[in-house]
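Go ahead and model the full structure; you've got the sequences and the hints to work with.
Chains as they are written, first to last, in the numbering used here: chain A, 4 to 471; chain B, 4 to 471.
Just so you know, these hints were derived from the structure itself, not from any lab. For clarity, every value in this text was computed on a predicted model and none was experimentally measured. Among the clues, some could well be false.
You can't tell identical chains apart in this list, so a pair holds if it fits in one copy or across any two.
Computed cross-link-like contacts, BS3-like style, restricted to lysine-lysine with a CA-CA straight-line distance of at most 27 Å [unchecked claim]:
1) K221 / K342
2) K345 / K410
3) K456 / K444
4) K410 / K342
There are 2 protein chains.
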Amino acid sequence: MMDFLAQCRAIAGDAYVVDAPADMAAFLTEQRGRFTGKALAVLRPGTVEQVAALVRVCAEHRIGIVPQGGNTGLVLGSIPDASGRQVLLSLARLNRIRKVDAVNRTMTVDAGCILEHIQQAAAAEGCLFPLSLAAEGSCTIGGNLATNAGGTAVLRYGNTRELCLGLEVVTPQGEIWSGLRGLRKDNTGYDLRDLFIGAEGTLGIITGAVLKLYPQPKASITALAALPSPADALRLLVLMQDHCGASLTGFELMSRYCLDLVAQQFPALPRPFAEAHPQYVLLELSSSESEQHAVGLLEHAIGAALDGGVIHDAVVASSVAQSAGLWQLREHIPLAQAKAGKNIKHDISLPVSLIADFIAATGPLLDAAFPGCQLVCFGHLGDGNLHYNVAPPPGISNDDFLANQDKVNRVVYDSVMAFGGSISAEHGIGALKREELAHYKSAVELNMMRAIKAALDPLGIMNPGKVL
Amino acid sequence: MMDFLAQCRAIAGDAYVVDAPADMAAFLTEQRGRFTGKALAVLRPGTVEQVAALVRVCAEHRIGIVPQGGNTGLVLGSIPDASGRQVLLSLARLNRIRKVDAVNRTMTVDAGCILEHIQQAAAAEGCLFPLSLAAEGSCTIGGNLATNAGGTAVLRYGNTRELCLGLEVVTPQGEIWSGLRGLRKDNTGYDLRDLFIGAEGTLGIITGAVLKLYPQPKASITALAALPSPADALRLLVLMQDHCGASLTGFELMSRYCLDLVAQQFPALPRPFAEAHPQYVLLELSSSESEQHAVGLLEHAIGAALDGGVIHDAVVASSVAQSAGLWQLREHIPLAQAKAGKNIKHDISLPVSLIADFIAATGPLLDAAFPGCQLVCFGHLGDGNLHYNVAPPPGISNDDFLANQDKVNRVVYDSVMAFGGSISAEHGIGALKREELAHYKSAVELNMMRAIKAALDPLGIMNPGKVL
Numbered sequence: 004m005m006d007f008l009a010q011c012r013a014i015a016g017d018a019y020v021v022d023a024p025a026d027m028a029a030f031l032t033e034q035r036g037r038f039t040g041k042a043l044a045v046l047r048p049g050t051v052e053q054v055a056a057l058v059r060v061c062a063e064h065r066i067g068i069v070p071q072g073g074n075t076g077l078v079l080g081s082i083p084d085a086s087g088r089q090v091l092l093s094l095a096r097l098n099r100i101r102k103v104d105a106v107n108r109t110m111t112v113d114a115g116c117i118l119e120h121i122q123q124a125a126a127a128e129g130c131l132f133p134l135s136l137a138a139e140g141s142c143t144i145g146g147n148l149a150t151n152a153g154g155t156a157v158l159r160y161g162n163t164r165e166l167c168l169g170l171e172v173v174t175p176q177g178e179i180w181s182g183l184r185g186l187r188k189d190n191t192g193y194d195l196r197d198l199f200i201g202a203e204g205t206l207g208i209i210t211g212a213v214l215k216l217y218p219q220p221k222a223s224i225t226a227l228a229a230l231p232s233p234a235d236a237l238r239l240l241v242l243m244q245d246h247c248g249a250s251l252t253g254f255e256l257m258s259r260y261c262l263d264l265v266a267q268q269f270p271a272l273p274r275p276f277a278e279a280h281p282q283y284v285l286l287e288l289s290s291s292e293s294e295q296h297a298v299g300l301l302e303h304a305i306g307a308a309l310d311g312g313v314i315h316d317a318v319v320a321s322s323v324a325q326s327a328g329l330w331q332l333r334e335h336i337p338l339a340q341a342k343a344g345k346n347i348k349h350d351i352s353l354p355v356s357l358i359a360d361f362i363a364a365t366g367p368l369l370d371a372a373f374p375g376c377q378l379v380c381f382g383h384l385g386d387g388n389l390h391y392n393v394a395p396p397p398g399i400s401n402d403d404f405l406a407n408q409d410k411v412n413r414v415v416y417d418s419v420m421a422f423g424g425s426i427s428a429e430h431g432i433g434a435l436k437r438e439e440l441a442h443y444k445s446a447v448e449l450n451m452m453r454a455i456k457a458a459l460d461p462l463g464i465m466n467p468g469k470v471l
Numbered sequence: 004m005m006d007f008l009a010q011c012r013a014i015a016g017d018a019y020v021v022d023a024p025a026d027m028a029a030f031l032t033e034q035r036g037r038f039t040g041k042a043l044a045v046l047r048p049g050t051v052e053q054v055a056a057l058v059r060v061c062a063e064h065r066i067g068i069v070p071q072g073g074n075t076g077l078v079l080g081s082i083p084d085a086s087g088r089q090v091l092l093s094l095a096r097l098n099r100i101r102k103v104d105a106v107n108r109t110m111t112v113d114a115g116c117i118l119e120h121i122q123q124a125a126a127a128e129g130c131l132f133p134l135s136l137a138a139e140g141s142c143t144i145g146g147n148l149a150t151n152a153g154g155t156a157v158l159r160y161g162n163t164r165e166l167c168l169g170l171e172v173v174t175p176q177g178e179i180w181s182g183l184r185g186l187r188k189d190n191t192g193y194d195l196r197d198l199f200i201g202a203e204g205t206l207g208i209i210t211g212a213v214l215k216l217y218p219q220p221k222a223s224i225t226a227l228a229a230l231p232s233p234a235d236a237l238r239l240l241v242l243m244q245d246h247c248g249a250s251l252t253g254f255e256l257m258s259r260y261c262l263d264l265v266a267q268q269f270p271a272l273p274r275p276f277a278e279a280h281p282q283y284v285l286l287e288l289s290s291s292e293s294e295q296h297a298v299g300l301l302e303h304a305i306g307a308a309l310d311g312g313v314i315h316d317a318v319v320a321s322s323v324a325q326s327a328g329l330w331q332l333r334e335h336i337p338l339a340q341a342k343a344g345k346n347i348k349h350d351i352s353l354p355v356s357l358i359a360d361f362i363a364a365t366g367p368l369l370d371a372a373f374p375g376c377q378l379v380c381f382g383h384l385g386d387g388n389l390h391y392n393v394a395p396p397p398g399i400s401n402d403d404f405l406a407n408q409d410k411v412n413r414v415v416y417d418s419v420m421a422f423g424g425s426i427s428a429e430h431g432i433g434a435l436k437r438e439e440l441a442h443y444k445s446a447v448e449l450n451m452m453r454a455i456k457a458a459l460d461p462l463g464i465m466n467p468g469k470v471l
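Structure representation (structure tokens):
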């Protein structure tokens, strides 16, 4: 039997089996720098057939495989463990847009395509690929699919799962499943596609996908509303949905604390209101008709919200630049947090109707346990998704506060579960939340997940130590 | 050990364990009358706990369980086989609407709720549950979920899968999985929900669900367009989507032969055009704003289609009654077929962009094999879903022609596969298409499906002989 790495080199070529530590480093460190794994080698196949052949060699040698796209994940899902006995398999060289079909409104892509390139290729055909998130300039669609990424357009277009019609997957046996169907309806057996989506590489390696495209909206318009409370934000959401239906494409909640933080850290950014308000909602409307239609619809709805006492005030962007400025406020919240120092982050979701109650109930629980702690609470309210981050009380260093992470998590996640929510809305489980998953999921559900894992990957070589 | 039926009676009560042949008959015959199965008994539990307890008894005795909702399926999926060794488990008594949450836009229901009751309960809260299909007055949501039903609103709202956020399932071990989450985002492990949806009861019994609701549109308007060919229908689809975006909620193709058949069998129905045209498209637009908005949008788009030479003519309904009349034409096609005599039906899907090519290629293949055969071709063009039915040549009896069913299927399905389509778009596999599935699916996919089945249902008691 040939040596494992020699077999890999025979398949992928010497240049694409990387084992020099300096060359592996960028693949092995999580983007926030919280953890660096070790690997036998970084494998960089250039074709789907090479992926399959490499998986067969790994299976033969019982070597764990960690698939990686753009390495932008937030839950240590695409970093090998510290054992040095796993290989990292990068999909980055599989980066062809295979086909755009503007009539079927589909695009067939390699898993390693950068999300932004996919958006651009869609736009070039007059179509929209709606998935949009902060890392879009470097994340890959394979990673988006493996983690069922969310982002800012979920309210209208759904998560990555809803944007995918078909998959190509290399199985743990090193076979290629060609499920690249471009069909809106297909009821021929079990939904393997959705099983691989969100499985974080633990059931197989996604190598290609058929994505759904949409007609490009003719215009988008943004507004910022100021309002008294999260409960009013829910009233505004219902009002906007009733008035605007599918034209409502964004609905982001931000607390006063969030915008104050942005103003402190980025004083050059615009401040839309002269006075401070307890809560803000960033609204986005898109029209398939015209800018005039979008403006009219938005102004009508905002007028109704003002008349009904749902909001205090609102600013409607009158130009593309002003719209971008309002979105910048939202996008700078994570950046402002990073500048202010590390905090304890939670990517949670709740039934939309219970968000105000959750916020009202959980703040006091945290304050009782960690008096004076600060909440950086913002997120995709329309999807029930909060980024609920806890910063230290004034006078306590961020590093000292981070020692409380497990206790803070317990308070937050216990409250999330009490409200019927999820401890991971859009980031996934990876290695980071694996123990939390085991703690919070029912035995029935965990047993089904384990049975499926054992059935599809009996050798346990696919992304070991992640999710389960 | 108690006798099996005595155990069942102890769980569900004597009245709900039916074994008198006359009382079982309605449950055992497929609605089109093509097949009647046999059963040890019909079990009619009244609670989820009873379902679970019955499954445990069946597991103990290794007795196959056939779940059934409204018995409206078209692929023999909810009828026991001829052995008389299976039990039929009816979910019909689990028919409570558990909760409507108009802010979260969700409804939690028992599996046995009739679809129409769910639509009505949503409307009572000012919301829309968009799933709509011919059998809605008697089919149940559990059956809709088990078969991932399609219907007339898929273009805008997706299949049943896209309308479900959470499930409650009794596993083949008789445990209850409480996955009744009302969350838009939840990335905590494998997507079991979508595995059970569309599995046709072969992996477990769906007993409850959390459904997605939408704001009720303020107005819907319907039009009928006449056009030269299926290729023009595709041009019209792209044009309508570009003009109307998510407001386009229906796009149904009907050939001249279909409407001629309706006119023959139902001469009292309206005839919208004085002349006959090769193809027709029924369009539906919905507006979240107003009827005036819907009319303006539709007239603008139809004007563009006329100007561009995409359509010959169009009729826009000017009243709710006229709209209903146009939909009646579409809905009477299956009824007209039934009156004209049995034909050979196919529920197929294709990439939307290839539908015209498929129609152009497949007709001649059938005509070569069965000279003079007639095509009843209509369907949800916007979803790529055709009901592609083959009627006998003039002078040949329907029964004689039906003897060719396997050969006709082979011609149609081979062509479907050559165009990258699906042999079951919205009806599922059941027992009827099980052999076709084994013929057309890849070994890789079938093996994954079998591995999952064996992992979750190792005793093989869940709807044996269906799908796999």
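Identical-chain pair category, K221 with K342, by Cα at 27 Å: neither (37 Å within a copy, 47 Å between copies)
Measure nothing new, just compare the shortest in-copy and cross-copy C-alpha distances for K345 and K410 to 27 Å and report within, between, both or neither. Classified as within: same-chain Cα gap 16 Å, cross-chain 68 Å, threshold 27 Å.
Have a look at K410 and K342 and pick one of within, between, both or neither, based on CA distance no larger than 27 Å. Answer is within: at 24 Å inside a copy they meet the 27 Å cutoff, but 70 Å across does not.
Can you give me the call for K456 and K444, within, between, both or neither, at a CA distance of at most 27 Å? Answer is both; intra-copy 16 Å and inter-copy 22 Å each pass.
Of the numbered hints stated above, the single one contradicted by the structure is hint 1.
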